[in-house]
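Could you put the whole structure together from the sequences, leaning on the hints where they help?
Chains A and B are the protein sequences, given in the same order.
For the first sequence, numbering that gives the first Met the number 0 begins at 0 and goes up steadily by one.
For the second sequence, numbering that gives the first Met the number 0 begins at 0 and goes up steadily by one.
Keep in mind that the hints were calculated from the coordinates and are not lab data.
Nothing here was measured: the structure is a model prediction, and the numbers come from that model.
One should not assume that every hint holds.
No more than 30 Å apart at the CA atoms, straight line, and that leaves these computed lysine-lysine pairs for BS3-like [claimed, not checked]:
{"id": "1", "chain 1": "B", "residue 1": "Lys237", "chain 2": "B", "residue 2": "Lys262"}
{"id": "2", "chain 1": "A", "residue 1": "Lys135", "chain 2": "B", "residue 2": "Lys258"}
{"id": "3", "chain 1": "A", "residue 1": "Lys135", "chain 2": "B", "residue 2": "Lys201"}
{"id": "4", "chain 1": "A", "residue 1": "Lys135", "chain 2": "B", "residue 2": "Lys262"}
Spelled out, the chains give:
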Amino acid sequence: MEQFFQQLTNGLAVGGIYALIALGYTMVYGVMKLINFAHGDLFTIGAYLGLTVLLSLGLTDHLGPLAGVLVLALMVMGLVAVVGVVLDRVAYKPLRSSPRLSAVVSALGASIFLQNTIMLIYGARFRVYPHDILPKMAVNVLGLDIPLMRIILFGTSLVLMLALYFFIQKTRLGTAIRAAAIDQGAAKLMGINVDRVIMLVFIIGPALGGAAGLMVGLYYGQVNFTMGWVYGLKAFTAAILGGIGNIPGAMVGGLLLGVIEALGAAYISVAWKDAIAFCVLILILIVRPTGLLGERVAEKV
Amino acid sequence: MKRRMVFVLVSLILALGLGAGSSLAAEIKIGVMCPLTGSWASEGQDMKQIVELLADELNAAGGLLGKQVTVVVEDDAGDPRSAALAAQRLSTKGVTAVIGTYGSSVTEASQNIYDEAGIVQVATGSTAVRLSEKGLAKFFRTSPRDDEQGKVAAKTIMDKGFKNVAILHDNTSYAKGLADETKAILDANGVKIAFFDALTPKEQDYSAILTNLKAANPDVIFFTGYYPEAGLLLRQKKEMNWLVPMLGGDATNNSDLVKIAGKEPAQGFMFLSPPLPQDLDRADAKAFLASYQAKFKAMPVSIWSVLAGDAFNVIVEAIAKTGSEDPATIASYLKEKLDKYPGLTGDISFNEKGDRIGDLYRVYEVDAAGNFVLLP
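The following block contains the structure:
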C-alpha cells in the first residue's frame, strides 16, 4: 500500500508537467485546429532560457531562493511567450488561408529548426542547473517521504492551470478565445479581433510550456536540446486523452497519464510503462473517440 | 582569332583539370562517419574534433607517404537511416578508410555499404557482438565487445561480494545485450537476480522505477544504459535517501555523468570502461591530451571519441608501414602484422574477425571530487 501511494505521488508530479505542456497543444488546437509540433521545443527553450537568466543575473543570490525563482519564472514565461509569438508570425501566419496540412508540415519544420538552433547556441552536451538553489529536504506526509520540491512543483502547475481556467471562463479576453474556438468567422462578425486572439493563444501556451521547462530544469537539474521531444509527445498524448481542444481535459489528461505510467511501472513492468500509457489512450479513444472530456469541444475551449 | 581564343581556353581548362588531378593524387582521404546532430551529437562532435586534431598534427609533421591527409566528415545523426546515406556519400568520395561510428545499430546499417565499396571500416563505439560475426573482411573496431564486458561486470559483482543483484537496461541493443550477458553469467554462478527490467531512455523522472527497485531490496544496481539516465538515477536515488551502490556499463563513462548527478550523489558510483588516456603511463597518450587541451580547453568528454583517435592512428600506421593505400593490403596488415600498437587507450591488436584483443576493461570509481579513479 505504501508503494501504491509513493507511486501515486511520483505520477502526479510528472503528470503536472505533462498537463502544463498539454495546455499549449490544446489551446492552439482549439482556436486554430492546428497541432503545434514545435510546442515541445518551446518547452526546451524555457529550460535553457531559465538557465541563462539564472546564471547571468544570479537572481537567487540577490533575492533569496523563493522570490528569485518567482522573478525568474516570470521572466522566462515572458521570453518564451515572445518566441511563441514570433513562431506564429514566421511559421503559421503566412499559412492561415492555406490547407491545414501546410501548417502541420510547417510546424514539424519549425520543431526541427528550433531544436537545431538550440544545439548550435548551447552545444550538444548536457547543461546543468546549479544544484543548490532550492531546498532538497523531504516532507513526511502520512508516512510517505515526499521531496518538498516535488510538492512545490505540483502546487505550481496546479496554480498555473487554475489561473488559466479562470482566465478563460471569467474574463472578456477568455470569452473571446472561446468564441474564436467555436467559429472564427462568426467571432469576427461579432467584432472579435481573431488575429489578436491567436496572438494571445501563442502568448499563453508557450508561457506555460516555458514555465514547465524551467520547472523541469530546476527540479531534475539537467537540460538537453532533445528533451522537448519526449515531453512534447507525452503532453500531446495527454491532450488527446483528455479531449484535444478542451482545457480541463488537458489538465485531467496530463495528470492521468502521469499516474497511469507510474502505476503501470509499479505493477506491470517498467519497460512497458509507455506501452501501457498508449494502450490506455487507444482504449479510451475506442470508447470515447473525442477523449475523456471531449464532448464539450464544440462549445468551449 | 576566335579559334585561338578557343585553343587558349581549352588548354587552360585542361591545365586546370590536370592540376586538380595531380592535387587529388597528393592527398589521402580518410572518412569519419559520426553523429553530429541528434541525441548523440556531443559524442560525434568530439570524435570529429579528435580525428581532425590528429590529422592536422600528422600533416604538420609532413603527412603520410609524402601526401597530405584529408579528413572527410559525414553526419549519421545517430540514426541507422541517415547512416546508410552517409555511408553511400562517403563511398563515392574516394576515401581509403572510414572511422566510425558510435552506436551499434548505426554502424550495422553502414557495414555492408562499405564492404561492397571495398573500404576499410574501423568502428569506434559499437560494441554489439554480432557486428564482427558477419565475416566482413575489412571491418574492424577499436572498441571492445559486449561479451567481454559482461564477463568483467559479473566478475566485479561477484568479487565485491554482492548477493542480491538488480539489473536495469534501457532496451537498446547494446544495453539489453550487456544485461543479458551479465545475467547469464551471474545465473550460472548462483547469484540471485532480484530485479531485471528496462527503463525508457530520455525521460527525466525515474522515481517510479527507483521506487520499484527499492521494493526489490537489492544490494547493488547494475545499470547497463547510457550516462544521462545513469546520472539521473544517481541523483534521484540520493533524493530518496537510498544509499545502495550502483555499477554502470561503459556507456556511463562520460564526464557529464557527474555534472548531471551532482558530485555527492555520484560519489562511489563504479563503472566498467577501457582505460582512459590519462590513466595510461605513456608519453604519446599524455602528449595527445596536452594538445587536445590546448586546442579545445577541455578534456575529451568520453572514451568513445578517443577510440576514434585510435582508429585514425591504426589506419595511418597501416598505410605508413605497408606504403599502400589499397584497402585489402591495409586490412590484412591490421589483422596479421599490427601487434600491440601503442594506442591512446592501451595496446591495440586485432584478431581475424577485426575485434580488438587483449585485456581491455577496467573498473573505475567516482571519488568525492567527481573524478574517475581507476580501481586496482
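| message | Does Lys201/B sit within 30 Å of Lys135/A, going by the straight-line distance between their CA atoms? | response | 23 Å, holds
| task | Take a quick look at whether Lys237/B and Lys262/B sit within 30 Å of each other, Cα to Cα. | result | 11 Å, holds
| Does the alpha-carbon distance linking Lys135/A and Lys258/B stay inside the 30 Å limit? | 17 Å, holds
| query | For the pair supplied as a hint, Lys135/A and Lys262/B, is the alpha-carbon distance within the 30 Å limit? | reply | It holds: about 15 Å lies between the C-alpha atoms, which stays within 30 Å.
Checked against the numbered hints listed earlier, the structure breaks none of them; every hint is satisfied.
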